[in-house]
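Q: With these hints in hand, go ahead and build the complete structure from the sequences.
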Amino acid sequence: MKGLILVGGFGTRLRPLTLTLPKPLVEFANKPMIVHQIEALVSAGVTDIVLAVNYRPEIMEKFLAEYEEKYNINIEFSVESEPLDTAGPLKLAEKILKKDDTPFFVLNSDVICDYPFKELLEFHRSHGNEGTIVVTKVEEPSKYGVVVHKPNHPSRIDRFVEKPVEFVGNRINAGLYLFNTSVLERIELRPTSIEKETFPAMANDHQLHSFDLDGFWMDVGQPKDFLSGTCLYLSSLTKKGSKDLTPPTESYVHGGNVLIHPSAKIGKNCRIGPNVTIGPDVVIGDGVRLQRSVLLRGSKVKDHAWVKSTIVGWNSTVGRWARLENVTVLGDDVTIGDEIYVNGGSVLPHKSIKANVDVPAIIM
Amino acid sequence: MSLQVPMAHRSKGGSTKAVILVGGPSRGTRFRPLSLDVPKPLFEVAGHPIIWHCLAAVAAVGSIQDVNIIGYYDETVFRDFIKDATKEFPNLSSIKYLREYEALGTAGGLYHFRDAILKGRPDRLFVLNADVCCSFPLGEMLKLFDDKDAEAVILGTRVSDDAATNFGCIVSDAHTRRVLHYVEKPESRISNLINCGVYLFATEAIFPSIKSAIKRRTDRPARLVSYPSSDNLETFHPASSGLNDDDDEERKNQVIRLEQDILGDMADSKQFFVYETKDFWRQIKTAGSAVPANALYLQRAWQAGSEELAKPSANLVAPVFIHPTAEIHPTAKLGPNVSIGPRAVIGAGARVKESIVLEDCEIKHDACVLYSIIGWGSRVGAWARVEGTPTPVGSHSTSIVKNGVKVQSITILGKDCGVGDEVRVQNCVCLPYKELKRDVANEVIM
Numbered sequence: 001m002k003g004l005i006l007v008g009g010f011g012t013r014l015r016p017l018t019l020t021l022p023k024p025l026v027e028f029a030n031k032p033m034i035v036h037q038i039e040a041l042v043s044a045g046v047t048d049i050v051l052a053v054n055y056r057p058e059i060m061e062k063f064l065a066e067y068e069e070k071y072n073i074n075i076e077f078s079v080e081s082e083p084l085d086t087a088g089p090l091k092l093a094e095k096i097l098k099k100d101d102t103p104f105f106v107l108n109s110d111v112i113c114d115y116p117f118k119e120l121l122e123f124h125r126s127h128g129n130e131g132t133i134v135v136t137k138v139e140e141p142s143k144y145g146v147v148v149h150k151p152n153h154p155s156r157i158d159r160f161v162e163k164p165v166e167f168v169g170n171r172i173n174a175g176l177y178l179f180n181t182s183v184l185e186r187i188e189l190r191p192t193s194i195e196k197e198t199f200p201a202m203a204n205d206h207q208l209h210s211f212d213l214d215g216f217w218m219d220v221g222q223p224k225d226f227l228s229g230t231c232l233y234l235s236s237l238t239k240k241g242s243k244d245l246t247p248p249t250e251s252y253v254h255g256g257n258v259l260i261h262p263s264a265k266i267g268k269n270c271r272i273g274p275n276v277t278i279g280p281d282v283v284i285g286d287g288v289r290l291q292r293s294v295l296l297r298g299s300k301v302k303d304h305a306w307v308k309s310t311i312v313g314w315n316s317t318v319g320r321w322a323r324l325e326n327v328t329v330l331g332d333d334v335t336i337g338d339e340i341y342v343n344g345g346s347v348l349p350h351k352s353i354k355a356n357v358d359v360p361a362i363i364m
Numbered sequence: 001m002s003l004q005v006p007m008a009h010r011s012k013g014g015s016t017k018a019v020i021l022v023g024g025p026s027r028g029t030r031f032r033p034l035s036l037d038v039p040k041p042l043f044e045v046a047g048h049p050i051i052w053h054c055l056a057a058v059a060a061v062g063s064i065q066d067v068n069i070i071g072y073y074d075e076t077v078f079r080d081f082i083k084d085a086t087k088e089f090p091n092l093s094s095i096k097y098l099r100e101y102e103a104l105g106t107a108g109g110l111y112h113f114r115d116a117i118l119k120g121r122p123d124r125l126f127v128l129n130a131d132v133c134c135s136f137p138l139g140e141m142l143k144l145f146d147d148k149d150a151e152a153v154i155l156g157t158r159v160s161d162d163a164a165t166n167f168g169c170i171v172s173d174a175h176t177r178r179v180l181h182y183v184e185k186p187e188s189r190i191s192n193l194i195n196c197g198v199y200l201f202a203t204e205a206i207f208p209s210i211k212s213a214i215k216r217r218t219d220r221p222a223r224l225v226s227y228p229s230s231d232n233l234e235t236f237h238p239a240s241s242g243l244n245d246d247d248d249e250e251r252k253n254q255v256i257r258l259e260q261d262i263l264g265d266m267a268d269s270k271q272f273f274v275y276e277t278k279d280f281w282r283q284i285k286t287a288g289s290a291v292p293a294n295a296l297y298l299q300r301a302w303q304a305g306s307e308e309l310a311k312p313s314a315n316l317v318a319p320v321f322i323h324p325t326a327e328i329h330p331t332a333k334l335g336p337n338v339s340i341g342p343r344a345v346i347g348a349g350a351r352v353k354e355s356i357v358l359e360d361c362e363i364k365h366d367a368c369v370l371y372s373i374i375g376w377g378s379r380v381g382a383w384a385r386v387e388g389t390p391t392p393v394g395s396h397s398t399s400i401v402k403n404g405v406k407v408q409s410i411t412i413l414g415k416d417c418g419v420g421d422e423v424r425v426q427n428c429v430c431l432p433y434k435e436l437k438r439d440v441a442n443e444v445i446m
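Chains L and X, in that order, give the protein sequences. According to the UniProt record's numbering, the first sequence is numbered sequentially starting from 1. According to the UniProt record's numbering, the second sequence is numbered sequentially starting from 1.
Keep in mind that the hints were calculated from the coordinates and are not lab data. Don't take each hint at face value.
Think about it this way: if two alpha-carbon atoms lie no more than 20 Å apart in a straight line, the pair counts; the simulated DMTMM-like pairs of lysine to aspartate or glutamate are [to be verified]: (1) L/Lys268 <-> X/Asp421; (2) X/Lys402 <-> L/Asp358; (3) L/Lys268 <-> X/Glu422; (4) L/Lys308 <-> X/Asp421; (5) L/Lys302 <-> X/Glu422; (6) X/Lys364 <-> L/Asp338; (7) L/Lys118 <-> L/Asp212; (8) X/Lys364 <-> L/Glu39; (9) X/Lys406 <-> L/Asp358; (10) L/Lys354 <-> L/Asp333; (11) L/Lys150 <-> L/Asp212; (12) L/Lys99 <-> L/Glu185; (13) X/Lys215 <-> X/Asp268; (14) L/Lys354 <-> X/Glu354; (15) L/Lys308 <-> X/Asp439; (16) X/Lys119 <-> X/Glu204; (17) L/Lys95 <-> L/Asp85; (18) X/Lys364 <-> X/Asp416; (19) L/Lys137 <-> L/Asp225; (20) L/Lys240 <-> L/Glu39; (21) X/Lys415 <-> X/Glu44; (22) L/Lys243 <-> L/Glu39; (23) L/Lys308 <-> X/Glu422; (24) X/Lys364 <-> L/Asp286; (25) L/Lys300 <-> L/Glu339; (26) L/Lys302 <-> L/Asp333; (27) X/Lys364 <-> X/Glu327; (28) L/Lys91 <-> L/Asp101; (29) L/Lys31 <-> L/Asp244.
Listing some non-contacts, in silico: residues in chain L with all C-beta distances to chain X over 10 Å [as the list claims (entries may be wrong)]: (30) Thr12; (31) Val79; (32) Ser155; (33) Pro262; (34) Gly287; (35) Arg289; (36) Arg323; (37) Tyr341.
Even glycine gets a Cβ: it sits at the ideal position worked out from N, Cα and C.
A: Below, the structure written as structure tokens:
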């Protein structure tokens with residue numbers, strides 16, 4: 001089995017974090033985003049993975065070599081010399097995807113969910129057509145492209161309606177697909193949109209089905225959604241009774257959904273949670289209040305600080321009695337001074353903040 | 001233990017008295033919401049009522065025995081304060097409160113009580129406005145007075161050119177220090193040397209000056225027949241006189257102020273000098289101005305080695321005043337420039353900086369209070385943050401412009417307010433008995 005992950009560009013939407021690490025390597029719930037996807041593919045029997053990228057960071061190759069060995073799989077980069085949109089990269093990787101007749105998975109690298117690859121494969125085989133799109137139900141379909149089924153058919157897609165004004169359905173494309181290799185015949189090697197060109201053509205030929213996703217789904221491509229996605233992911237761990245979570249019986253855990261790396265240190269009289277992930281080698285001082293936040297590797301939150309809806313970047317330090325909130329994102333090695341208030345600040349790497357940031361701002 | 005270092009002054013003979021002008025309840029409106037619960041002169045900064053700092057300076061002169069406090073607050077307002085002060089400053093043998101029946105103006109009040117003031121035939125009279133915060137260099141003013149054989153000495157300080165027109169402006173001869181010209185709140189720039197509201201007058205000069213100012217008023221063409229003359233001013237009372245009730249305009253005319261009505265003339269005709277202080281000086285007008293005043297008086301007490309102040313440590317950045325009955329958790333960090341009132345409780349890991357916490361307040365664990373005044377009996381929740389904005393060094397304003405809107409730089413909670421756990425209050429003024437359960441910024445909360 002084969003899989004292709006659409007990584008794309010520099011991940012500018014997730015800056016300032018992606019100024020330090022390529023987006024697929026940014027840790028989501030203490031694990032690089034792409035590892036969530038690789039592990040899900042491996043457990044569905046995938047042995048060949050293509051990363052469709054339009055740049056080729058060395059750090060990523062080294063990193064992935066480790067996973068090739070660990071899972072005994074083959075990971076290849078398919079580098080676009082010019083942007084090929086969402087379908088073009090499939091054609092570019094045709095050789096690998098066509099190495100055998102088995103269908104291949106396609107994933108948007110920004111999507112986080114309970115990847116249902118085994119069930120998807122079963123369903124795909126059962127309908128026997130060319131392609132299956134994973135769909136998720138949303139509350140406000142008017143913001144997305146909505147899937148409309150053929151009359152009296154539970155899964156065969158009739159058409160797509162982009163940002164519908166009137167209600168036509170609430171299932172949207174979740175960015176996960178399974179295709180037969182024949183789909184590659186439909187795509188030319190030029191910038192092509194899979195959503196706007198390939199899918200409508202396949203629907204026209206009655207070759208496209210939808211598969212309902214159970215559970216959470218989030219595009220975590222930007223900081224606000226990265227935090228929301230973390231909440232959803234941690235809630236799903238709680239629901240599954242995951243042993244990775246810190247037990248709520250721990251005195252400092254408040255409201256559950258707390259994931260703390262074993263190497264992190266927590267001070268006295270803290271109140272942590274709900275929805276907090278704490279990475280390796282993080283140090284939390286005394287009397288610290290954390291909620292709805294992500295603390296990345298090697299960061300430090302000093303005594304009595306109050307942190308909410310914030311991503312604390314690698315090796316960053318939050319001062320005593322500091323208060324961070326409203327989607328504040330600290331890049332690598334940022335220092336927030338004692339008693340400083342930051343409201344929605346995006347702070348670039350290696351900055352030291354000594355005055356309040358009262359209104360959301362980018363600190364260059 | 002007094003914050004002042006006693007300093008005996010040897011004058012060239014003749015005695016000196018002092019008057020402290022305190023105004024009245026209708027004057028302190030800019031000190032709201034704090035003046036809703038305590039008369040402004042009795043509000044405590046650096047552990048003592050504002051008026052105490054004036055009185056301590058007067059006591060430190062050494063040669064003054066008689067102090068009159070003039071204002072139009074109720075008689076009972078200063079009773080306890082005077083009782084305590086008489087014990088604390090034994091060399092002040094007489095501290096008396098003289099109540100104006102209504103606002104007579106700074107000079108009108110002096111003139112009204114001239115018999116009481118002139119009793120014992122003092123040669124010189126200090127006049128201090130209670131709403132200023134400064135080092136009160138009264139000894140230096142006396143020395144200048146004697147050296148120049150002056151009839152009046154005014155305390156002056158330099159401010160920025162922009163700020164100067166908000167005050168009384170003094171034009172002086174740089175060499176002789178003689179006052180050449182005085183204008184109250186001029187429209188255009190005249191001088192950046194301003195009136196600090198502290199004066200020393202020869203009694204034989206000040207009372208005739210006020211008298212002639214009143215006479216000028218009276219002589220001015222007026223439609224009134226029964227307008228009071230200077231001679232019967234003392235016994236004149238509008239309610240019992242022939243004045244009609246609708247003669248508010250005339251009542252206002254009766255107000256005689258040193259700044260507007262006297263000092264300008266003195267500059268023309270008298271031996272009038274200015275002593276320029278290089279030390280700190282601030283007005284205490286708005287409630288927020290109590291925070292810089294608190295800081296300046298604490299710094300002064302710290303430099304003087306006052307034993308009233310708390311001992312510095314890892315969690316205590318001097319200067320800090322802590323009332324002996326307050327409870328401070330050892331992990332709380334205080335200072336600099338913090339006053340903690342009686343029975344206040346500061347919880348574990350709390351942080352208080354550049355603030356005044358009044359009596360019976362509770363600051364819960366891990367809370368943070370910066371550039372704020374926490375009113376009597378108020379409660380600040382765990383991990384809450386009550387925060388003002390520091391004003392630039394040397395600024396004489398307590399408001400700042402944020403996003404184009406003028407807001408109070410100091411956050412003030414009135415009496416018995418509550419701030420919920422984890423709630424943030426920034427640049428707000430909160431009237432008494434309010435519970436703040438949500439984050440608020442840049443607001444007045446009624």
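Q: If a hint holds in the structure, say so; if it does not, say that too.
A: Verification of the supplied hints:
1. L/Lys268 <-> X/Asp421: holds (19 Å)
2. X/Lys402 <-> L/Asp358: holds (10 Å)
3. L/Lys268 <-> X/Glu422: holds (18 Å)
4. L/Lys308 <-> X/Asp421: holds (14 Å)
5. L/Lys302 <-> X/Glu422: Since the Cα atoms of L/Lys302 and X/Glu422 sit roughly 17 Å apart, the hinted pair holds (cutoff 20 Å).
6. X/Lys364 <-> L/Asp338: Roughly 19 Å separates the two Cα atoms, so the pair holds.
7. L/Lys118 <-> L/Asp212: This hinted pair holds, its Cα atoms lying about 13 Å apart.
8. X/Lys364 <-> L/Glu39: violated (47 Å)
9. X/Lys406 <-> L/Asp358: holds (15 Å)
10. L/Lys354 <-> L/Asp333: holds (15 Å)
11. L/Lys150 <-> L/Asp212: holds (15 Å)
12. L/Lys99 <-> L/Glu185: holds (14 Å)
13. X/Lys215 <-> X/Asp268: OK: X/Lys215 and X/Asp268 at ~18 Å, within 20 Å.
14. L/Lys354 <-> X/Glu354: At roughly 17 Å apart (the allowed maximum being 20 Å), X/Glu354 and L/Lys354 satisfy the hint.
15. L/Lys308 <-> X/Asp439: The given pair, whose Cα atoms are some 13 Å apart, holds under the 20 Å limit.
16. X/Lys119 <-> X/Glu204: At roughly 13 Å apart (the allowed maximum being 20 Å), X/Glu204 and X/Lys119 satisfy the hint.
17. L/Lys95 <-> L/Asp85: holds (19 Å)
18. X/Lys364 <-> X/Asp416: holds (15 Å)
19. L/Lys137 <-> L/Asp225: holds (17 Å)
20. L/Lys240 <-> L/Glu39: holds (18 Å)
21. X/Lys415 <-> X/Glu44: holds (14 Å)
22. L/Lys243 <-> L/Glu39: holds (18 Å)
23. L/Lys308 <-> X/Glu422: holds (10 Å)
24. X/Lys364 <-> L/Asp286: Satisfied, since the Cα-Cα distance of roughly 15 Å is no more than 20 Å.
25. L/Lys300 <-> L/Glu339: Holds, at about 15 Å.
26. L/Lys302 <-> L/Asp333: Holds, because 15 Å separates the two Cα atoms, which is no more than 20 Å.
27. X/Lys364 <-> X/Glu327: Cα-Cα ~12 Å, so holds.
28. L/Lys91 <-> L/Asp101: holds (16 Å)
29. L/Lys31 <-> L/Asp244: Judged against 20 Å, a Cα distance of about 12 Å means the pair holds.
30. Thr12: At about 28 Å from chain X, L/Thr12 clears the 10 Å cut-off, so the statement holds.
31. Val79: holds (46 Å)
32. Ser155: holds (47 Å)
33. Pro262: At roughly 26 Å from the nearest Cβ of chain X, L/Pro262 sits farther out than 10 Å, so the non-interface label holds.
34. Gly287: Answer for L/Gly287: violated, closest chain X Cβ roughly 4 Å.
35. Arg289: At roughly 5 Å from the nearest Cβ of chain X, L/Arg289 sits no farther out than 10 Å, so the non-interface label is violated.
36. Arg323: violated (5 Å)
37. Tyr341: Given that some Cβ of chain X is not farther than 10 Å from that of L/Tyr341, nearest at about 7 Å, it is violated.
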